[in-house]
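Colleague: Going down the list, the sequences are from chains Z and G.
Heads up: the first sequence is residues 1 to 137, going by our numbering.
Heads up: the second sequence is residues 1 to 322, going by our numbering.
Among the clues, some could well be false.
[Said to hold, decoys possible] Short derived list, chain G residues pointing at chain Z, Cβ under 10 Å:
| hint | residue |
| --- | --- |
| 1 | Leu93 |
| 2 | Ser133 |
| 3 | Ala230 |
The hints are simulated quantities; they were obtained by calculation from the structure and are not laboratory data.
Nothing here was measured: the structure is a model prediction, and the numbers come from that model.
Note that the Cβ used here is the ideal one computed from N, Cα and C, for glycine as well.
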Amino acid sequence: MPEPTVAVAAEYVVAADYFQSYSVVGLLAAVGVLFVAIAFGAGRLLRPEVPTREKLLTYECGVDPVGEHWAHTQVRYYVYAFLYVIFAIDSIFLFPWATVFADDGYGATTLVEMFVFLGFLAVGLLYAYKKGVLAWT
Amino acid sequence: MNDALDVALRLLLVFVVFLTFPLIIGQTEHKVMAHMQGRLGPMYAGGFHGWAQLVADGVKFAQKEDVVPAGADRRIFQLAPAVALLPYLLVLLAIPIGPGEGAVGEVIDAGIFFVLAVMGVGVLGSLMAGWASANKFSLLGGLRTAAQLLAYELPMLLTAASVAMAAGTVSLVGILDAFQWWWLPWQIVGAIVFFVAGLAELQRPPFDMPVADSEIIFGAYTEYTGLRFALFLLAEYAGIVVLCGLTTVLFLGGWHGPWGADGLGWVWTLLKTAVLAFLVIWLRVTYPRLREDQLQKLSWTLLVPLSLAQIALTGVVKVVIQ
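Model the full structure from these sequences, guided by the hints.
Modeller: Here it is in structure tokens:
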């Protein structure tokens, strides 16, 4: 039974490639972390350190800071955040689909699917627009 | 052994590009902005037209005291610049500059996906800085950064998907192999949307609301000094390199040139990237800053619908020619 062996071997090769390319990414990340660590370490040796109370105050244009450091803010665009999450998760599915949609035997069917997908997104956007989510005064 | 040497060389090359290209763009920005505004720009440092200005800046930054405000979240505050900077280093690894598998730091099969995901992490650095500074201006800047990411990540994602559809692959090398010259007009809307959204994600003018110096001092970076501030600046310019490189690879054909000169592919890539970087600087000098709500509106009512239309166009054309 030679065929299965070959198939398994090929699979191993693919997996090895996969891990190799990402291990290089990991290596580069290690280089980057090393660079930042060395920069911070060297910076510590090069710079003076003379802290005073005034220096460590929160900067508010030169006058004494007013109130708490972490201020309450009204996040006006939180609805955008929901919109974004919905849209972004939808669009992720475009990528695997994009690689095969025009292959033999898909063609017209997947094209119709695409318009259904775009239709959903467009209607969602239109709804948000009509609701006045996309404008604030 | 040879393999290890090869990988080490590639990593070294990517690292050198990461350290030099942003500086070249920074210096170009000094000079180009100056000339567009009818002045000379730096002329003293280094003698010839102030070429060493950024080196001098670097020396200055390294010697400055590193102040962490008493109220700040110390660890997060100190870590933020690294988080903002390193993603761009990783993205550079995946950008092909010439034909074949030899002219790229490392071939990553899910290239587009990897690149977009990693670029998104960079914004986290600004958010960390904004929150950890315990400063009202920083917090406002951080929140604006978040809003901007929410608005502009989406058109970027959609237009990148359009290119993936055109090429039938998500590998950056594969996309360039499949590229034809007529993709240029076919994907032009996507290219513009991608570039504009990328500018917004880098918080470059006219989308620099999060660091608007005339209202919130310097946004999330207000409390930073010295080396850590320099790393944030480096991240911005590394971001320009990455954005221009990606736009070149995805939409402008990367190493493809009109005369098909063999062995000169990398020149085309660098040339296109440089022209786009010039455009980034030009836009900074030309346009006033958008207000926060105008910024959101531009993305949701113009860029997102345009990118959806581009996907529809790409799908139809691709199926028809198949």
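Colleague: So, as I understand it, the hint says G/Ala230 touches chain Z; can you test that by seeing if any CB pair is closer than 10 Å?
Modeller: holds, 9 Å
Colleague: When the nearest CB of chain Z is found for G/Ser133, is that gap smaller than 10 Å?
Modeller: This hint holds: G/Ser133 lies near chain Z, its Cβ roughly 8 Å from the closest one there, short of 10 Å.
Colleague: Does G/Leu93 meet its interface restraint, that is, does its C-beta lie within less than 10 Å of any C-beta in chain Z?
Modeller: holds, 5 Å
Violated hints are absent here; each numbered hint is respected by the structure.
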